[in-house]
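Asks: Residues per chain, in single letters:
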Amino acid sequence: MESSDIRTQLSTIFDSVFHCGAITITDDLTADQVEKWDSLTHLTMIAAVESHFGIRFKLKELTGMKNTGDLITLITEKTQVG
Amino acid sequence: MKISIRKATQEDMEFITDGIIHAEMSGSTKLPYQTMFGLNEEETQTLIHHVIEEEIDGQEWYLPNFSILEIDGQPASCLSSWVEGENGSGSGLLKAQAMGWILKEKWTNAAQQLECLKSMQLARIQGALQLECIYTKKEHRGKGLASKLIEHCIQEALTTPKKPNLAEIQLLGNNEAAMRSYTKCGFLLREQSTSSHPEILTLLAHHTRVSLIRNL
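First to last, the sequence lines map onto chains A and B.
Going by my numbering, the first sequence opens with residue 1, and the numbers climb by one from there.
Going by my numbering, the second sequence opens with residue 83, and the numbers climb by one from there.
None of these hints come from the bench; they were simulated from the model.
One or more hints might be untrue.
[Claimed, not checked] Heads up, simulated PhoX-like pairs for lysine-lysine below, C-alpha to C-alpha not over 20 Å straight-line:
(1) A:Lys-36 x B:Lys-177
(2) B:Lys-186 x A:Lys-58
(3) A:Lys-60 x B:Lys-186
(4) B:Lys-220 x B:Lys-84
(5) B:Lys-89 x B:Lys-219
Only chain A is shown next, with the shape it has when bound in the complex (with noise of 0.2 Å):
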């Protein structure tokens, strides 16, 4: 799956869960930046991107995500792998 196709499908998923509106993903978008993106729902957020890209993370990738370029970049591992 091409980068710009899950940056689109996260924006929606970023949408649904921070209500943050039609956002423009970047790399270094963090917590920091969305106001309802907080400990309870990037656990939400986490689960809605598993069960939307049909992966699963594990606990060490999870805590080793930074920022949404983390992120993309184990979706894009994940999605080819699978």
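Assemble chain B onto chain A, guided by the hints.
Replies: Using the frame of chain A, we list chain B on its own:
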């Protein structure tokens, strides 16, 4: 009485787990993991072990972040310290990720309770040395051991390349004895957050969360 301070090892897991549970109860009989997720004490111990075993740096439940004060070779106090956001992620997010990942449905089912907790949440100061899970065995309280441990961890942090210029302790507002002790160590009130959520006192021992700071 010989006092010594050292970093925690795998052999301290039981003592640390006990310390975390007592610190979380904040002098009450309410264990937040019981009120939030329906875990009994044994399940709470298992959860704490599991998170520690995942070795997630940057948050309180990480073995290398713990220091142990011993009296005559026996653990008497413990404390976890780390620099907030040092590795790019906030400690709250890291710990929540671990707990959510381990607890799965129990975490999801507690959405309402977690939302309630957010009503009194205080953001930790980025780059500040965080001191958490401060616990002293009952028989050793009143001897200033926690203060010694705090001072030790602060001095240790000041020798690191990224030496922090602020230390922060967060605790529940009912723990007045602890607050007096931290004030004696030079900590001052930075901020407090009181929840008016009707359910908060069914989950926690108090409805106010306090942040204390000390310039380093």
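Asks: Look at each hint and say if it fits the structure.
Replies: Going down the list of hints, with the structure as the test:
1. The straight-line distance between the Cα atoms of A:Lys-36 and B:Lys-177 is roughly 18 Å, inside the 20 Å bound, and the hint therefore holds.
2. Only pairs whose Cα atoms come within 20 Å are accepted, and B:Lys-186 paired with A:Lys-58 is accepted, the gap being roughly 13 Å.
3. The suggested pairing of A:Lys-60 with B:Lys-186 holds, with an alpha-carbon distance near 16 Å, which does not exceed 20 Å.
4. Pair hint B:Lys-220 plus B:Lys-84 holds up; C-alpha atoms about 18 Å apart against a cutoff of 20 Å.
5. Between the alpha carbons of B:Lys-89 and B:Lys-219 the distance comes to roughly 18 Å, so the proposed pair stays at or under 20 Å and holds.
The structure shown violates none of the earlier numbered hints.
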